[in-house]
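Note that the protein sequences, when read in sequence, are chains B and Z. Its first residue numbered 1, the first sequence is counted upward by one per residue in the numbering used here. Its first residue numbered 1, the second sequence is counted upward by one per residue in the numbering used here.
Don't take every hint at face value.
[Stated by the list, open to error] Just a few of them, taken from the derived set where beta-carbon distance is under 10 Å, the chain Z residues facing chain B:
no. : residue
1   : 123
2   : 126
3   : 140
4   : 143
5   : 215
No lab work stands behind these hints: they were computed from the structure. Just so you know, even glycine gets a beta-carbon here, dropped at the ideal spot from N, CA and C.
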Amino acid sequence: MIELRSVSKVFGARSGSLPVRALDGVDVSVSPGEIFGVIGPSGAGKSTLIRVVNLLERPTTGRVLVGGTDITELTGAALRAARRGIGMIFQHFNLVSSRTAFGNVALPLELIGTPAEAIRRKVGDLLDLVGLSDKRDRYPVELSGGQKQRVGVARALATDPRVLLCDEATSALDPETTRAILRLLSDINQRLGLTILLITHEMSVVTEICRQVAVMEAGRIIERGPVLDVFVRPKTTTARALVKAATGGDPPDGLMRRLVPQPVPGGGVVVRMVFRGTLADQPVISQLSRRFATDINLLHGRLDAIDDASYGVLVAEITGPPSGIQATIAFLHSNRLDVEILGYVAPSLRAAG
Amino acid sequence: MSPQVFALLVDSTLETLVMVGISGTVATLLGLPLGLVLAVTGRGELLQCLAFNRVAGLVINATRSTPFIILVVAIIPFTRLVAGTSIGTRAAIVPLIVAATPFIARVVEAAVREVDRGLTEAALAMGATPLQIIVKVLLPEALSAIILGLTLAAVSLIGYSAMVGAVGGGGLGDLGIRYGYQRFLPDVMAAVVVVLIVLVQLVQSGGEWIAARVNKRVIRS
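Taking the hints into account, I'd like the entire structure generated from these sequences.
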């Protein structure tokens, strides 16, 4: 539905200042009906990426296909027609303050000369859809942030687009309102079969509604895949940092500082295990202790679900005879668990802890 | 104050109102579109056209930096061409328009530039044409600020109109100079000042009232 093919965008190439490469050969492919998230720290180029899709920014090189049409070849009326098929919502809502909720949702319809009666009906339906029927005559200043974004969503849907772009749409909202807006987006995605491309700097937004995610840094996509994979097993430092920010961090810093890179005689090993799907329901830990005569000390853990699939992350210290430790790790691997050795600790850790 | 002087005061007030009213209206008709065009042709704006923007800006600055009394005298040939005469109230309206148009253009430009860029972006994303964006988004959003700017222009025009007595323009300023100052009639001078104060107050309050009514960015109780 949306395809970016080696898209690059360079800013400031003409003026004397140093050019900035906001997008650097980016490829993205979003299937119809999918909710696709792009995540990255600020300055990574996410905003440019989403604005390239409806040509608010024209890419320096590369092609942008929406519904099979290369929109980089369009100008004038053809481009405006294509934009009507691509709805967009914004971080700061961008509502017209001199128009009521009704007037804002009606605006895109007025632009294409829709008759007043048809506008009245359509806007009524849309305000119903986003749950704002009772606010139709309110001006934006009289609405809360969440209500404003609902108006934004209704406005974006007015011309029956097949694609919805969400530019940090929940970043100005509190966590509860964010969840409500995400539920609304997920709802219209299912009801209308809308393809949604959203950018955010919050991992929680991605895990809440996206199926596929791409991680951006310095104008490039450095990691991509199903949300569960990227979230559970982030490969890059940036992705790891984003996951960490979303989950309140990996093991406590105090523990991480005491880790050493080499095994310590008589000491233990600290591992990070990731359980996925049904494995999370098995009594893995007690099996280990019984079979290999090792002690397993849980240091940090989390159980959660993404996309209805449960997963767990555990950080544990394993102590015991070296052969037992090795056998334990081999056993974990054989059970197709992800095991990552974070480091080794001296025996004193247990005494201290 | 004698009845004759009172009649003069009434006549002069009417002359001032006519001069300010006509020049203000014409200058708004010219300055509003000019200001809009200036706002949207600037760097990075909707219809960027730097060549036009620079030239228009230069002309506007030149006009605005000329002291009004010098402008009045300097454009006498132009005034004669337009008004058919260079003396009297009709002639005075021409330099008032020439002075007020660039002022209004700048005020409108500033008001339109203040509109959040995100709104232009949202309208572009909806598939709006530049003209639709100007008419449906920029103008309504800037309206309150534009009205305040026009109010400011009207007040300035009342002040300027007092100077056109130099070309026999008549009006309150002329009355004050000729009767109040040159003929030593302090009561006439005082009356002129009072009428001017009342005029300016009325214009200012009226403008603010309208601007507040069209401004939907604050909740009115």
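Hints and how they fare:
At a threshold of 10 Å, the smallest CB-CB gap from residue 123(Z) to chain B is about 8 Å, leaving the interface hint in force. Look at residue 126(Z): its Cβ gets to within about 4 Å of chain B, closer than 10 Å, so that hint holds up. For residue 140(Z), the interface hint holds, the least distance from its beta-carbon to any beta-carbon of chain B being 4 Å, beneath 10 Å. Residue-level restraint check for residue 143(Z) holds (minimum Cβ-Cβ distance to chain B is 7 Å; threshold 10 Å).
For residue 215(Z), the shortest C-beta to C-beta distance to chain B is roughly 8 Å, which falls under 10 Å, so the interface hint holds.
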